[in-house]
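**Student:** Read off the chains here:
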Amino acid sequence: MEDRTQHDAFVELHGERLHGFALLVTLGDRTLAGTLTAEALANGAERIEQLRHPERAATWLRAKLTRAARQPAWGHQRPGQPERRNALRKLGVDPATYDALASLDVRSRAVLAATVEGFAPADVHEVAGSDARVRRARRDYLTAYLAASRTRNTQPARGALTARVQAAAGPVLSGSDR
Amino acid sequence: MTDSHAELEAWLVDGAMGDPPREIAVHATLCESCTARLGAFDALTLIDVAAAGSPPPEAAPSRVRRGVAWARLGSAVVGTVVAGIILVFGASQLLGLATRAGGPNATALVAIASPPLGGEAGRSQDLSRIEPDAAQTPNPAAADTPQPGVTPGPQPPPPPGATPRPPTPLPSATPGATPTPTPTPSPTESPSESPSPSESPSPSESPSESPSASP
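So the sequence lines, in the order shown, correspond to chains A and B. Heads up, my numbering is the position in the first sequence plus 159, with the first residue counted as 1. Heads up, my numbering is the position in the second sequence plus 2, with the first residue counted as 1.
The hints are simulated quantities; they were obtained by calculation from the structure and are not laboratory data. Note that CB positions come from ideal geometry on N, CA and C, so glycine has one too. Accuracy of the hints is not assured; some may be wrong.
Computed Cβ-Cβ distance ranges for the label pairs, DEER-style [unchecked claim]:
#1 Ala93/B with Arg215/A: 26 to 32 Å
#2 Met19/B with Arg248/A: 26 to 32 Å
#3 Pro213/A with Ala85/B: 41 to 47 Å
#4 Val84/B with Arg294/A: 23 to 29 Å
#5 Asn245/A with Ala78/B: 36 to 42 Å
Computed far set for chain A versus chain B, every beta-carbon distance over 10 Å [claimed, not checked]:
#6 His178
#7 Thr196
#8 Glu205
#9 Glu208
#10 Lys223
#11 Ala261
#12 Ser262
#13 Leu263
#14 Glu276
#15 Gly318
#16 Ala319
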């Protein structure tokens, strides 16, 4: 009974975000994402004693899911692109970002998904396997995104990063504005 | 200017840790392409993974699991078949070698156990030196061949000479099929002191009988 409670708590704690991570890694394949999430959670629940620390468990789950996502899913019917786009749009993935993610492999998408989740560099490294892979994934994504946004003629998104850079350059800009 | 692009890109690729140098920040804010670079990673920050909701109940998963299971099963079957082939081939090779090696040994043993007429007393030492394997361990191939000690007919007399025969398969060396009507040697009064292996095709009894058998 207590094990069941622990298991449920584990799934409740990690399930939603891990599912979102899986959707990004599988590029909006709901069925596969659900499967991979369920498997990773089941494996994690078996090691619940070793994964007591939530951050450690979160990293472990994502690394596990990424490894599983790289295996061929024989017999699995892949969804079409509209279905994938629709699944990811609900997470806030814009079309240019989708195009960029679609050009990457599973592990590179996992790097970006972990970045999206705000994982520490060491944890992203654990998910990806090496720092070189992390850098390559970010560089490939940047190149693909710039190409996609040019093709789509979209305005660049403005978010927390742009705000940080503007803040770092703030006094100069405010001077020039005057 | 190009360096500023590259520096901003390097900062982004390295994880955008901390704040960029002020020069780079100023450049990035004013440069259109660098603003687009910032926008690429800002687009990621707009993603909310928690919006995916809970994973669906564990009804769907078996498809992938089944695929992986089939793959594992297939690889296991292939591995087992390959291992079986290797095992059978190796065993047949070993048996072939054993048969080939056992033939001459057996023949040689029989040849030694049923030497021609005549002999000498110290022959057992020579035998043990020449056929160590046959004298110490029972040879199944040799056990199959008819031996003088087993056949109920009269035994051939021990050899007069101590020179052992080379372990060549000689058809004339297989006794038992045609027992020669030679007189049975009578037991000697002075048994040989040489040790005689028990389970081997007992060549040790022959030397003890040999001196008296010769007229």
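**Student:** Each hint should be assessed against the structure and marked as holding or not.
**Tutor:** Now for the hints, and whether the structure bears them out:
Restraint check, Ala93/B to Arg215/A: a C-beta distance of roughly 51 Å breaks the suggested window 26 to 32 Å. Remark: the range hint 26 to 32 Å for Met19/B to Arg248/A is upheld by a beta-carbon distance near 30 Å. The supplied range of 41 to 47 Å is met by Pro213/A and Ala85/B, whose beta-carbon atoms lie about 45 Å from each other. At roughly 41 Å, the beta-carbon separation of Val84/B and Arg294/A lies outside the given 23 to 29 Å, and the hint is violated.
A C-beta distance of roughly 40 Å is found between Asn245/A and Ala78/B, which places it inside the suggested range of 36 to 42 Å. The claim that His178/A lies off the interface is violated: its Cβ sits roughly 4 Å from the closest Cβ of chain B, which falls inside the 10 Å cut-off. For Thr196/A, the non-interface assignment is contradicted: its Cβ lies about 4 Å from the closest Cβ of chain B, within the 10 Å cut-off. The non-interface label for Glu205/A is consistent with chain B: the shortest C-beta to C-beta separation is roughly 14 Å, beyond 10 Å.
Separation of Glu208/A from chain B is adequate, the least Cβ-Cβ distance of about 22 Å exceeding the 10 Å criterion. Interface exclusion of Lys223/A from chain B stands, the closest Cβ pair being 14 Å apart, more than 10 Å. Every beta carbon of chain B lies more than 10 Å from that of Ala261/A, the smallest distance being close to 14 Å; the non-interface claim holds. For Ser262/A, the non-interface assignment is confirmed: its Cβ lies about 13 Å from the closest Cβ of chain B, beyond the 10 Å cut-off.
Listed as a non-interface residue, Leu263/A keeps its Cβ farther than 10 Å from every Cβ of chain B; the least gap is roughly 12 Å. In this structure Glu276/A is not separated from chain B by more than 10 Å, as the shortest Cβ-Cβ distance comes to only about 6 Å. Non-interface status of Gly318/A relative to chain B is broken: a Cβ of that chain comes within 10 Å, the nearest being about 3 Å off. Remark: the non-interface label on Ala319/A conflicts with the geometry, its nearest Cβ contact in chain B lying 5 Å away (cut-off 10 Å).
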